[in-house]
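> Same order as they appear, the protein sequences are chains A and B. All residue numbers in the first sequence are consecutive under the working numbering, ending with 152. All residue numbers in the second sequence are consecutive under the working numbering, ending with 152.
Everything labelled a hint here was simulated from the structure, so no lab data went into it. Hints may be right or wrong, so weigh each one.
[As the list claims (entries may be wrong)] Restraint ranges, calculated between C-beta atoms of paired labels, are given here: (1) B:Glu113 to A:Ser73: 25 to 31 Å; (2) A:Gln104 to B:Gln104: 32 to 38 Å; (3) B:Pro84 to A:Gln117: 33 to 39 Å; (4) B:Asp112 to A:Lys99: 50 to 56 Å; (5) A:Ser73 to B:Gly68: 50 to 56 Å; (6) B:Ser140 to A:Asn65: 37 to 43 Å; (7) A:Leu35 to B:Glu91: 30 to 36 Å; (8) B:Thr92 to A:Gly89: 40 to 46 Å; (9) B:Thr121 to A:Asn65: 43 to 49 Å; (10) A:Asn135 to B:Leu7: 22 to 28 Å; (11) B:Thr92 to A:Glu118: 18 to 24 Å; (12) B:Glu113 to A:Gln104: 23 to 29 Å.
Even glycine gets a Cβ: it sits at the ideal position worked out from N, Cα and C.
Take a look at the letters that make up each chain.
2 protein chains.
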Amino acid sequence: VADISVLIQSQSESPTKTVVKAREFDLVVDEPADLGGENEGPTPVEYLLAGFTGCLNVVGHLVANDLGFELRSIRFKATGPIDPAKLFGQETEQRPGFKNIDIQLSVDADADEATLQEWLTRVEARCPISDNISNFTPVSLNLHTSEQSVAA
Amino acid sequence: VADISVLIQSQSESPTKTVVKAREFDLVVDEPADLGGENEGPTPVEYLLAGFTGCLNVVGHLVANDLGFELRSIRFKATGPIDPAKLFGQETEQRPGFKNIDIQLSVDADADEATLQEWLTRVEARCPISDNISNFTPVSLNLHTSEQSVAA
């Protein structure tokens, strides 16, 4: 089976606002006023948590099907602490990202507790975003200046 | 400085669709038809890439300010390959998430090449999402069954 190639394209519209094109969908990322933005959309880290819960829902239903029980619904509460010191350029040993991510899943399903614990273990192991957050993922950032862009 | 506490809440609406509440914003996560969804919104992994580029924009402007140059705009193209085998429950040694993430940044700025390379290094080091993807982040998933939810 060939890899799925995921692609999005984005454009800065202000120092805090980014407009994103994901296939036919447009998304707006921004910061609230107290972080210098116009609050025209969720923050980057809210997008990360949103995608994470969406991922758990998809995988949750696939695994419930494998385990043979009906999964009627999941409610999620996803939280995490961020120390903004490094983001703002201060000298610190603290990491800039989430120190940890905690997700509470309230599950309505026809399954006993042991089955649901097995379900959760498999969901975590198969969820793409859980993998990318919990484990090392190589990231490459490649810079093109406007002159290069024109020449390309 | 106190940590920022980020919170979102989500609800499954179908096996592929999740509705997310991030403060006053509502987001829809879904899968395209060829992955079993109704295509009512971007996929979970598109949300991750969207947040990542939004994060780079915010941090990019903070760092440009520190380095004393004008950053007029950034365009982003973010891509990554995913092998869906593990997601779909097949026996495989492949990871379920992005194998790697590649982001092309086209920058329009009043800065020379050396300054922009220093800018990129600092942006990557200070961006919360870059940190959470590139490095290990503890994730805890905690299960509540509907009976527990009612009792709580």
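> Each hint: holds or not?
Hints, verified against the model:
1. B:Glu113 to A:Ser73: 25 to 31 Å: At roughly 53 Å between Cβ atoms, Ser73 of chain A and Glu113 of chain B fall outside 25 to 31 Å, so the hint is violated.
2. A:Gln104 to B:Gln104: 32 to 38 Å: 37 Å, holds
3. B:Pro84 to A:Gln117: 33 to 39 Å: 25 Å, violated
4. B:Asp112 to A:Lys99: 50 to 56 Å: This hint is violated: roughly 36 Å between Cβ atoms.
5. A:Ser73 to B:Gly68: 50 to 56 Å: 52 Å, holds
6. B:Ser140 to A:Asn65: 37 to 43 Å: 25 Å, violated
7. A:Leu35 to B:Glu91: 30 to 36 Å: Given range 30 to 36 Å: violated, Cβ gap about 45 Å.
8. B:Thr92 to A:Gly89: 40 to 46 Å: For Gly89 of chain A against Thr92 of chain B, whose Cβ atoms are near 42 Å apart, the range 40 to 46 Å holds.
9. B:Thr121 to A:Asn65: 43 to 49 Å: 45 Å, holds
10. A:Asn135 to B:Leu7: 22 to 28 Å: For Asn135 of chain A and Leu7 of chain B the Cβ distance comes to about 24 Å; the hint holds.
11. B:Thr92 to A:Glu118: 18 to 24 Å: For Glu118 of chain A against Thr92 of chain B, whose Cβ atoms are near 19 Å apart, the range 18 to 24 Å holds.
12. B:Glu113 to A:Gln104: 23 to 29 Å: At roughly 47 Å between Cβ atoms, Gln104 of chain A and Glu113 of chain B fall outside 23 to 29 Å, so the hint is violated.
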